[in-house]
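Asks: Listed below, chain by chain, are the residues.
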Amino acid sequence: MTQAPPAPPTHIASLDDYTNVVSSGEIAELRALAARLHGRSVQMVNSTAVGGGVAEILTRMVPLMQELEITVRWDVITGGEDFFAITKAFHNALHGESFKLPDESFQTFLDYNAQNRARLRFGADFTMIHDPQPVALIDARTAHEGHWIWRCHIDLSQPNRKVWGFLEPFVHRYDGAIFSSPSFSRRLPIPQYLFYPSIDPLSEKNREIEPEIIAQTLEQFGIDASRPIVTQVSRFDRLKDPIGVVRAYQIVKRYADCQLVLAGGGATDDPEGGAVLAEVREAAGKDADIHILDLPPWSAVEINALQRASTIIVQKSLREGFGLTVTEGLWKKKPVVASAVGGIPSQVIHKHTGMLAHSIEGTAFQIRLLLGNPAIAQRLGERGHEHVREHFLITSDIRRHLTLFLHFLREN
Amino acid sequence: MKSTETARATEAFEFATASYLVLIGNQSATNLLELEQGLADCSDASIFYHTFQSLGRHHFLTEGFSNDFAQWVLGSCNRPALAERMASLDIRDYVSLAELRSDLRRVVAEYCRANAAIGSQSAFETFYFCESAEERVPLGHVAWTLEEFRDGLKDLSHGSLQFHFIASRLRLHLRTNDFSQWLSRELGLAALARQIDQIDIYTTTLDSARNAIIRLVEKELAR
Numbered sequence: 001m002t003q004a005p006p007a008p009p010t011h012i013a014s015l016d017d018y019t020n021v022v023s024s025g026e027i028a029e030l031r032a033l034a035a036r037l038h039g040r041s042v043q044m045v046n047s048t049a050v051g052g053g054v055a056e057i058l059t060r061m062v063p064l065m066q067e068l069e070i071t072v073r074w075d076v077i078t079g080g081e082d083f084f085a086i087t088k089a090f091h092n093a094l095h096g097e098s099f100k101l102p103d104e105s106f107q108t109f110l111d112y113n114a115q116n117r118a119r120l121r122f123g124a125d126f127t128m129i130h131d132p133q134p135v136a137l138i139d140a141r142t143a144h145e146g147h148w149i150w151r152c153h154i155d156l157s158q159p160n161r162k163v164w165g166f167l168e169p170f171v172h173r174y175d176g177a178i179f180s181s182p183s184f185s186r187r188l189p190i191p192q193y194l195f196y197p198s199i200d201p202l203s204e205k206n207r208e209i210e211p212e213i214i215a216q217t218l219e220q221f222g223i224d225a226s227r228p229i230v231t232q233v234s235r236f237d238r239l240k241d242p243i244g245v246v247r248a249y250q251i252v253k254r255y256a257d258c259q260l261v262l263a264g265g266g267a268t269d270d271p272e273g274g275a276v277l278a279e280v281r282e283a284a285g286k287d288a289d290i291h292i293l294d295l296p297p298w299s300a301v302e303i304n305a306l307q308r309a310s311t312i313i314v315q316k317s318l319r320e321g322f323g324l325t326v327t328e329g330l331w332k333k334k335p336v337v338a339s340a341v342g343g344i345p346s347q348v349i350h351k352h353t354g355m356l357a358h359s360i361e362g363t364a365f366q367i368r369l370l371l372g373n374p375a376i377a378q379r380l381g382e383r384g385h386e387h388v389r390e391h392f393l394i395t396s397d398i399r400r401h402l403t404l405f406l407h408f409l410r411e412n
Numbered sequence: 413m414k415s416t417e418t419a420r421a422t423e424a425f426e427f428a429t430a431s432y433l434v435l436i437g438n439q440s441a442t443n444l445l446e447l448e449q450g451l452a453d454c455s456d457a458s459i460f461y462h463t464f465q466s467l468g469r470h471h472f473l474t475e476g477f478s479n480d481f482a483q484w485v486l487g488s489c490n491r492p493a494l495a496e497r498m499a500s501l502d503i504r505d506y507v508s509l510a511e512l513r514s515d516l517r518r519v520v521a522e523y524c525r526a527n528a529a530i531g532s533q534s535a536f537e538t539f540y541f542c543e544s545a546e547e548r549v550p551l552g553h554v555a556w557t558l559e560e561f562r563d564g565l566k567d568l569s570h571g572s573l574q575f576h577f578i579a580s581r582l583r584l585h586l587r588t589n590d591f592s593q594w595l596s597r598e599l600g601l602a603a604l605a606r607q608i609d610q611i612d613i614y615t616t617t618l619d620s621a622r623n624a625i626i627r628l629v630e631k632e633l634a635r
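Protein chains in written order, with the working numbering: chain A, 1 to 412; chain B, 413 to 635.
Accuracy of the hints is not assured; some may be wrong.
[To be verified] Computed cross-link-like contacts, DSBU-like style, restricted to lysine-lysine with a CA-CA straight-line distance of at most 35 Å:
id: 1; chain 1: A; residue 1: K332; chain 2: B; residue 2: K566
id: 2; chain 1: A; residue 1: K333; chain 2: A; residue 2: K351
id: 3; chain 1: B; residue 1: K566; chain 2: A; residue 2: K333
id: 4; chain 1: A; residue 1: K253; chain 2: A; residue 2: K286
id: 5; chain 1: B; residue 1: K631; chain 2: B; residue 2: K566
id: 6; chain 1: A; residue 1: K88; chain 2: A; residue 2: K100
id: 7; chain 1: A; residue 1: K332; chain 2: A; residue 2: K286
id: 8; chain 1: A; residue 1: K286; chain 2: A; residue 2: K333
id: 9; chain 1: B; residue 1: K566; chain 2: A; residue 2: K351
Read the hints as simulated data drawn from the structure, not as lab findings.
Take the sequences, apply the hints, and build the full model.
Replies: Written as structure tokens, this is what we have:
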């Protein structure tokens, strides 16, 4: 049976709705900052309108910026399957993997960028190009004034030299580059800015939900609400180390009664995801307390419910971008045990807003510690929530964008 | 003498906020010796970011170390004695970043001299020197009286509190903050100004600091 995505939510949150989450003073400040940008225009360009973290952020950020009376346009580049196969290979190579496509791929990449350059209109005061796929659109700059900013959402700390060597000259022509963590950045001749990604506290995945929905979700998946639940939400990908999570749980299980939930997607449309899912199922064996949930992409409410029902949230990634699932767990006041990789240490300040671990055994130990010390777990959860409120919500992200635009105007 | 309730300032208190843009520098440290060198070479804005602003960024953590250098020395180098010494440098004692930088460098240098084998040991994670660019924005409301001042405080954001209460010390080159300076200078409330300045920003969150200031102001209004 084919599952269909649900209808989109009918209520789109406005800025005033966020005064219930952050203070009215914070929203007033956004308006004060934006007032100095009235009449200015912003163009966002990325490679997908739906799916993925960037589209998710822009879906909320663009209307909220428009509500602040800034003219914002969001354009999505187009390309054939060959283009996206190349950009996927670029993406993996920039994360350090080898690049196996033929040299002609670089020309194909440029050809698609040229097509999009011809198709799109430019000329905004601030043009923000997201990620490597549209990076060569900077060629349009010669004909247009304004500031061009490259927003890099991926970890560039150990890129494949050939691919980075090809992309880097384009990056140098921007007025600035934005990274999600200092450790993701490169030594560049242009200013580099730190912008954390963000979550929307009013989205289906993060808003407060009724206890009945949580109860129904647990029932739907056969999870026992009366016993501790340890959860990792991630697609079935080896870099998320779901088997490592199962091993950590198996160690914990020798000391404490608990259940493990591995909730994610990617197994149906990604051949590797299917293989990883099979490996995870094999590692789980016949343990009825391990719940492996292969969820469709439109499972925001279910994910929200599972996270809120959890006793502990785990993110045992081997490599990670920023790790927004960690942000989501912290926002829900959950104690988080996570690997010290990628952007996670920016979120999980060890022993203050969560626990960092570096191995299966370390992960197991921290889970045991928190299961046995609910007061510590609660304190971590509360601080984690405050940490997210301060730095990782969409309102903070908008503030950073407004500040950047004002900074550029003042500098020039 | 005018009563506190009716006293009116000659110059209004102008509520403002500052929004900070974080710039990632090209300097980093992978051990204590490199930290010492970085402390010598980094910009004043970087010292400000990792000390004054760190306090504001992590105001909700009332335990642990409130400057980034000390936190890194503890968390990534596992050197609690040095971390304690670095954390004990109270930004309220400094009216210039040069003095603060000098003391931070001195503490690290002394430790590395006394523990020669440790200085070059690799840290678990790299320290990245960052700095911030400030965009100051008036919020459009002012206070001429103590009552108006109290009302203005109620809805102030964390950014604004940080701007007036923490970062102002450097701007003023004084061991005080915007609130205390105005209360003392414009309304003649030196005692109230002193009490507000004594609020311990290391052990309270910005919200608790705001509540404490409002309580002190209300107490003054009730006199």
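Asks: Against this structure, judge whether each hint is valid.
Replies: Okay, the hints, checked on the actual structure:
Of the supplied pair hints, the one linking K332/A and K566/B holds, its CA atoms being roughly 27 Å apart against a limit of 35 Å. Distance restraint check for K333/A and K351/A: the Cα-Cα separation of roughly 15 Å lies within the 35 Å cut-off, and the hinted pair is therefore satisfied. Among the hinted pairs, K566/B with K333/A is consistent with the structure: their alpha-carbon atoms are about 26 Å apart, no more than 35 Å. Taken as a hint, the K253/A and K286/A pair is honoured in the structure, with Cα atoms around 14 Å apart against an allowance of 35 Å.
Taking the CA atoms of K631/B and K566/B, the gap is near 15 Å; set against the 35 Å cutoff, the hint holds. Note on K88/A and K100/A: the hinted pairing holds, with a Cα-Cα distance of about 12 Å set against a maximum of 35 Å. At roughly 31 Å between alpha-carbon atoms, K332/A and K286/A fall within 35 Å of each other, so this suggested pair holds. Distance restraint check for K286/A and K333/A: the Cα-Cα separation of roughly 32 Å lies within the 35 Å cut-off, and the hinted pair is therefore satisfied.
Only pairs whose Cα atoms come within 35 Å are accepted, and K566/B paired with K351/A is accepted, the gap being roughly 32 Å.
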